[in-house]
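If you're matching them up, the sequences are chains A and B in order.
Residue 155 in this note's numbering is what sits at position 139 of the first sequence, and the numbering runs on without skipping anything.
Residue 191 in this note's numbering is what sits at position 190 of the second sequence, and the numbering runs on without skipping anything.
Hint data in this document are derived by calculation from the structure and do not stem from the laboratory.
Where hints are given, some of them may not hold.
[Stated by the list, open to error] For the chain A half of the interface with chain B, some residues (derived, Cβ under 10 Å), not all of them:
hint, residue
1, K95
2, E96
3, D105
4, P140
5, T150
6, V174
7, L178
8, R200
9, V214
[Said to hold, decoys possible] Here chain B is said to cover these stretches of chain A; the calculated rule only asks that three of the stretch's residues, wherever they fall, bring their Cβ under 8 Å from a Cβ of chain B:
hint, region
10, 107 to 117
11, 159 to 170
12, 186 to 199
[As the list claims (entries may be wrong)] Heads up, simulated EDC-like pairs for lysine to aspartate or glutamate below, C-alpha to C-alpha not over 20 Å straight-line:
hint, chain 1, residue 1, chain 2, residue 2
13, A, K120, A, E188
14, A, K182, B, D77
15, A, K98, A, D152
16, B, K250, B, E240
17, A, K209, A, E157
18, A, K209, B, E50
For glycine and all other residues, C-beta sits at the position ideal for the given N, C-alpha and C.
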Amino acid sequence: MKRLVIAVAVLALAGCGGEAVVPESPAAHGHGASSAAPPVPGASARFNDADVTFVQMMVDHLQLGISLSQVGIAKAESKEAKDLASAIDVTQREELTMLKSWLKLWDKPEGDGANLHAAHGGQPLLDDKVINETKDKSGAEFDQVFLNLMTGHQGAGVEMALTEKKDGQNPEATAYAERVVTSRQGQIQQMLKIIGGV
Amino acid sequence: MKLMRKAALVLAAVPAIVLITPVGSASAHGYVSSPASRSAQCARGDIAESLCGQAKYEPQSAEGPKGLKNCSGANDSFAPLNNDSLPWKVTNTGQTLSLTWTFTARHATRDYEYFIGGTRVGYFSGNNQQPNNPTTHQINLGGFSGRQKLIAIWNISDTVNAFYSCIDLNISGGGGTTPPPTSTTTRPPTTTTTTTSTQQPPAGGTWAANTSYAAGATVTYGGSSYRCRQAHTSLTGWEPPNVAALWEKI
Numbered sequence: 017m018k019r020l021v022i023a024v025a026v027l028a029l030a031g032c033g034g035e036a037v038v039p040e041s042p043a044a045h046g047h048g049a050s051s052a053a054p055p056v057p058g059a060s061a062r063f064n065d066a067d068v069t070f071v072q073m074m075v076d077h078l079q080l081g082i083s084l085s086q087v088g089i090a091k092a093e094s095k096e097a098k099d100l101a102s103a104i105d106v107t108q109r110e111e112l113t114m115l116k117s118w119l120k121l122w123d124k125p126e127g128d129g130a131n132l133h134a135a136h137g138g139q140p141l142l143d144d145k146v147i148n149e150t151k152d153k154s155g156a157e158f159d160q161v162f163l164n165l166m167t168g169h170q171g172a173g174v175e176m177a178l179t180e181k182k183d184g185q186n187p188e189a190t191a192y193a194e195r196v197v198t199s200r201q202g203q204i205q206q207m208l209k210i211i212g213g214v
Numbered sequence: 002m003k004l005m006r007k008a009a010l011v012l013a014a015v016p017a018i019v020l021i022t023p024v025g026s027a028s029a030h031g032y033v034s035s036p037a038s039r040s041a042q043c044a045r046g047d048i049a050e051s052l053c054g055q056a057k058y059e060p061q062s063a064e065g066p067k068g069l070k071n072c073s074g075a076n077d078s079f080a081p082l083n084n085d086s087l088p089w090k091v092t093n094t095g096q097t098l099s100l101t102w103t104f105t106a107r108h109a110t111r112d113y114e115y116f117i118g119g120t121r122v123g124y125f126s127g128n129n130q131q132p133n134n135p136t137t138h139q140i141n142l143g144g145f146s147g148r149q150k151l152i153a154i155w156n157i158s159d160t161v162n163a164f165y166s167c168i169d170l171n172i173s174g175g176g177g178t179t180p181p182p183t184s185t186t187t188r189p190p191t192t193t194t195t196t197t198s199t200q201q202p203p204a205g206g207t208w209a210a211n212t213s214y215a216a217g218a219t220v221t222y223g224g225s226s227y228r229c230r231q232a233h234t235s236l237t238g239w240e241p242p243n244v245a246a247l248w249e250k251i
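Chain A with its partners taken away, still in its complex shape (with noise of 0.2 Å):
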């Protein structure tokens, strides 16, 4: 039960963040090569209250790991941690219109992160605030913070990915769930491993 009301109080406040501005990515639009990427998976129609807000609060929380993924790969020092910012940017964009799209197909609103948290009084990890701020590091010390708070905000995700997988009735979002589960702790291992210079 503890862990019940923990997982629940984690899903209100984990992923939640400020408004995050995603830049258009440019591979997103200007070529016709509709062949490379196949076409969004939709969702289906069954869901619960549990999968809009793992599914709203996944955009809100894509979205600032996008803006900080951003930083890092302007800013890293280290190939690996460069790379691994690189390939959360466009994964992460891809599950964002993935998202988006279930969202529209189950009429739901996108929400926004100030309003989500308002609505769970929260104390989110990232916000505009924090990720502007490591752009005043530099060198090592950027690769740092960079990964101290992408290997936090990834295990957020892990968190509510876990409550949806728990709670969540649709069938690819409990998926897409699992998904979040292992490659954001994939994700994690990896960024462990640059921390402790493994």
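With chain A fixed as given, assemble chain B onto it according to the hints.
Chain B alone, transformed into the frame defined by chain A:
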């Protein structure tokens, strides 16, 4: 046009946010990531998931009431963190040690405490403020030497709970006896898993996790061929069919 549409969606969203009843329980989570605590070692894959349990996925969630002196917060899902006989990696250190926390959310903080045995060797007030990113502390190990287990505790200020993180140390320069050389090295990773380094892929081989792929590299997966679009180290969950952003089907 696209912008207009987005703006309309956002506007539409405001009155319709799904509400969850606020819960008074802790939702701030955290652990010591450097040097790698037991939780971090589970998340890093140093110790097999079968031995670590939930700590692999939630290294930040060893939560329990304040005032405990253990590694799991007396939280059953994290009990393996208390097992001193698992092959934890040991950090060699002098008398001064720098530790860095990783948080998944920033809750107001009462304080941080560090214990070896029953002795508190470090204390930092949190002033009931949100922690900095990252939060790093330098502690003096108080003359302890040899193989020791340091318990790091994050006491948050608005619930009864704390988060626990244990770090295995081999301390030199203390007042005690010098540890025997056998305990100064990291134990061999006999039961640890898999990949401590990434592998170079064979050209055109089968996709595998924990492999460094350059842009342009080709792999096969599930009977199809893919070309890498973005240099990355692969991982479970980033299988080519799941991430068109990383792999273009050819």
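Structure-based check of each hint:
no.: 1; hint: K95; result: holds, 9 Å
no.: 2; hint: E96; result: holds, 7 Å
no.: 3; hint: D105; result: holds, 9 Å
no.: 4; hint: P140; result: holds, 6 Å
no.: 5; hint: T150; result: holds, 8 Å
no.: 6; hint: V174; result: holds, 6 Å
no.: 7; hint: L178; result: holds, 7 Å
no.: 8; hint: R200; result: holds, 8 Å
no.: 9; hint: V214; result: holds, 6 Å
no.: 10; hint: 107 to 117; result: holds (count 3)
no.: 11; hint: 159 to 170; result: holds (count 7)
no.: 12; hint: 186 to 199; result: holds (count 5)
no.: 13; hint: A:K120 - A:E188; result: holds, 15 Å
no.: 14; hint: A:K182 - B:D77; result: holds, 19 Å
no.: 15; hint: A:K98 - A:D152; result: holds, 17 Å
no.: 16; hint: B:K250 - B:E240; result: holds, 12 Å
no.: 17; hint: A:K209 - A:E157; result: holds, 16 Å
no.: 18; hint: A:K209 - B:E50; result: holds, 17 Å
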